[in-house]
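So the protein lines, in turn, are chains A and B. Per numbering that gives the first Met the number 0: the first sequence ends with 158, consecutive numbering throughout. Per numbering that gives the first Met the number 0: the second sequence ends with 285, consecutive numbering throughout.
Just so you know, these hints were derived from the structure itself, not from any lab. Even for Gly, the Cβ is constructed at its ideal location relative to N, Cα and C. Misleading hints may appear alongside valid ones.
[What the hints assert, rightly or not] Keeping only pairs whose Cα atoms sit at most 30 Å apart, straight-line, the calculated DSSO-like set for lysine-lysine is:
1) K115/A - K149/A
2) K149/A - K124/B
3) K119/A - K38/A
4) K9/B - K99/B
5) K115/A - K38/A
6) K99/B - K119/A
7) K115/A - K256/B
8) K119/A - K51/A
9) K51/A - K115/A
10) K124/B - K256/B
11) K51/A - K9/B
12) K124/B - K51/A
13) K149/A - K38/A
[To be verified] Which residues of chain B face chain A? A few of them, derived with a C-beta cut under 10 Å, are:
14) V90
15) F91
16) V93
17) P104
18) E157
19) V162
20) A163
21) A224
22) C232
23) G233
24) L234
25) V249
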Amino acid sequence: MQYTVGISEMKISSNPQDVLVTYSLGSCVGLALYDPQAKVGGLIHCMLPLSKIDEARAVQNPCMFTDTGVPLMMQALFDLGAERRRIVAKVAGAAKLLDDSNTFRIGERNHVVLRKILWKNNILIAAEDVGGTVARTMYVHLDTGATIIKSAGREYELA
Amino acid sequence: MSRRDEILNKVSAIPALPASATQAIRLIQSETTGLSDIMKAIEYDVSLTADVLRLANSAYFAGPRQISSLREAGVLLGAARILQLVLASAVFPVASRPIKGYDLPANDLLDHLLAVAIGAEELGKRLRVSVPHYTFTAGLLHDIGKIVLGTFLEVDGEAIRQVAFEEQISFEAAEDRVLGINHAEVGAALLESWQLPEGIVQVVRWHHSPELAGAEALTADLVHAADMLSIECGLGVGVDGLNYRIGPDVAERLRLKATLAEQVTAAMLTELQAIRAQRRPTGGAA
Numbered sequence: 000m001q002y003t004v005g006i007s008e009m010k011i012s013s014n015p016q017d018v019l020v021t022y023s024l025g026s027c028v029g030l031a032l033y034d035p036q037a038k039v040g041g042l043i044h045c046m047l048p049l050s051k052i053d054e055a056r057a058v059q060n061p062c063m064f065t066d067t068g069v070p071l072m073m074q075a076l077f078d079l080g081a082e083r084r085r086i087v088a089k090v091a092g093a094a095k096l097l098d099d100s101n102t103f104r105i106g107e108r109n110h111v112v113l114r115k116i117l118w119k120n121n122i123l124i125a126a127e128d129v130g131g132t133v134a135r136t137m138y139v140h141l142d143t144g145a146t147i148i149k150s151a152g153r154e155y156e157l158a
Numbered sequence: 000m001s002r003r004d005e006i007l008n009k010v011s012a013i014p015a016l017p018a019s020a021t022q023a024i025r026l027i028q029s030e031t032t033g034l035s036d037i038m039k040a041i042e043y044d045v046s047l048t049a050d051v052l053r054l055a056n057s058a059y060f061a062g063p064r065q066i067s068s069l070r071e072a073g074v075l076l077g078a079a080r081i082l083q084l085v086l087a088s089a090v091f092p093v094a095s096r097p098i099k100g101y102d103l104p105a106n107d108l109l110d111h112l113l114a115v116a117i118g119a120e121e122l123g124k125r126l127r128v129s130v131p132h133y134t135f136t137a138g139l140l141h142d143i144g145k146i147v148l149g150t151f152l153e154v155d156g157e158a159i160r161q162v163a164f165e166e167q168i169s170f171e172a173a174e175d176r177v178l179g180i181n182h183a184e185v186g187a188a189l190l191e192s193w194q195l196p197e198g199i200v201q202v203v204r205w206h207h208s209p210e211l212a213g214a215e216a217l218t219a220d221l222v223h224a225a226d227m228l229s230i231e232c233g234l235g236v237g238v239d240g241l242n243y244r245i246g247p248d249v250a251e252r253l254r255l256k257a258t259l260a261e262q263v264t265a266a267m268l269t270e271l272q273a274i275r276a277q278r279r280p281t282g283g284a285a
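Whole structure, please, built from the sequences with the hints as guidance.
Right, here's the structure in full:
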């Protein structure tokens, strides 16, 4: 079955028949984590980099922020039997508007925070498609971990 | 006839709003509108009344209260708020359809319009500036020109995207290049033909060039900033992508810092999700 991951949401699954999809990644970051041996994976769509800007909202909805959402998804996958050393990470999004005014540079900040968290957790990014002024849709297939990006009329595998 | 004139001619052929909404618009302009006038204008329009009540019951407007009748909504929220909700409900049916020319699926533009209406108001509140009461409505209608171009005229958004991409110009500048007019100007022309208040028309016209908005500069800055934040987080982004330019000095004029921008973005999404839950209780595609 196909499950939609909305903005500030995550979904995890251990059913190889499932496909997880998130639409319209702008400056948000989409992160797919997959353990090919345990065949468990997850997809998260984080909107903002750091939860400290609104801690009450981060308690209500940790997946809104990269720094609180990503560790939550990692833990949920470990609980399903995933192992850190086997996890494959793929990243999409972090797009930007045409002009880079610092006030609006959310994509870049999201990307920096995400890389830092993954690095701290000893998870390498296997492939990523970030930046530019395009919106992206991201699919994760739970049977193989294949991650597909649709953007500006094109479709390609992130590998 | 130029493509621009052709488009402007079509605008005048677009059906008017429902009578109840037109009546509400006239009331917005009047200084002395009371609750009973509003009730009279919409009480016979059952679906409009139902939409207004659903909106009124979302946390953004009502907080934790439960509002069960139009009269109660009027007392709790005030006449100005009810008028905004009437107008919002009137554009729901047309804004929730897919916008073909811009490659927007059903409900995506409506989500964007609501996000910008909420975001502009929220920004004003947090920046502690005094904003006109029609800021919400201006935000809600800012992209109505996209409905005209994308639905009634079915312009080829892909051709516009290519021009924007190749020349590294913003999408509305590419619209100007290809069509001789952009969605902001088309929206303003439509709202003029609906005889909406001049302030709203000017904000819609200049929402991509707020520095040109004259007397409406502050509201145009707020709507523009909320629009850019909403586009950044991918709300209502179709073929145009993130190909938009932030108006020069908008952040400086508003004294808008990155932290506040992010706080408003977070609030905008949360409130939008609450309204969405009220409108589509069964869930549906996000």
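Tested hints:
Between the alpha carbons of K115/A and K149/A the distance comes to roughly 26 Å, so the proposed pair stays at or under 30 Å and holds. Under the criterion of a C-alpha separation no larger than 30 Å, the hint pairing K149/A with K124/B is inconsistent with the structure, at around 38 Å. Between the alpha carbons of K119/A and K38/A the distance comes to roughly 23 Å, so the proposed pair stays at or under 30 Å and holds. Our distance criterion of 30 Å between C-alpha atoms is met by K9/B and K99/B, whose separation comes to about 17 Å.
At most 30 Å may separate the alpha-carbon atoms for a hinted pair to count; K115/A and K38/A meet this at roughly 25 Å. Restraint check: the Cα-Cα separation between K99/B and K119/A comes to about 44 Å, which exceeds 30 Å; the hinted pair is violated. A threshold of 30 Å between alpha carbons decides the hint, and for K115/A with K256/B the separation of about 23 Å falls inside it, so the pair holds. Restraint check for K119/A and K51/A: satisfied, since their Cα atoms lie roughly 19 Å apart, inside the 30 Å limit.
Distance restraint check for K51/A and K115/A: the Cα-Cα separation of roughly 16 Å lies within the 30 Å cut-off, and the hinted pair is therefore satisfied. About 15 Å separates the Cα atoms of K124/B and K256/B, which keeps this hinted pair within 30 Å; it holds. Simply put, K51/A and K9/B have alpha-carbon atoms about 49 Å apart, too far for the 30 Å limit, and the pair is violated. With a CA separation close to 21 Å, the supplied pair K124/B and K51/A stays within the 30 Å bound.
The suggested pairing of K149/A with K38/A holds, with an alpha-carbon distance near 23 Å, which does not exceed 30 Å. Because the smallest distance between the Cβ of V90/B and any Cβ of chain A comes to about 21 Å, over 10 Å, the interface hint for this residue is violated. For F91/B, the shortest C-beta to C-beta distance to chain A is roughly 20 Å, which exceeds 10 Å, and the interface hint is violated. At its closest, the beta carbon of V93/B sits 21 Å from a beta carbon of chain A; the interface hint therefore is violated under the 10 Å criterion.
Annotation: interface hint on P104/B holds; nearest CB of chain A at approximately 8 Å, less than 10 Å. Given the 10 Å rule on beta carbons, the hint for E157/B holds: about 7 Å separates it from the nearest Cβ of chain A. The beta carbon of V162/B is not positioned within 10 Å of any beta carbon in chain A (closest approach about 14 Å), and the interface hint is therefore violated. The beta carbon of A163/B is positioned within 10 Å of a beta carbon in chain A (closest approach about 9 Å), and the interface hint is therefore held.
At about 8 Å, the closest approach between the beta carbon of A224/B and any beta carbon in chain A falls short of 10 Å, and the interface hint on this residue holds. Contact between C232/B and chain A, as hinted, is supported at the beta carbon level, the nearest pair being about 5 Å apart and thus within 10 Å. The beta carbon of G233/B is positioned within 10 Å of a beta carbon in chain A (closest approach about 3 Å), and the interface hint is therefore held. The interface hint given for L234/B holds, since its Cβ lies 7 Å from the closest Cβ of chain A, which is under the 10 Å cut-off.
Annotation: interface hint on V249/B holds; nearest CB of chain A at approximately 8 Å, less than 10 Å.
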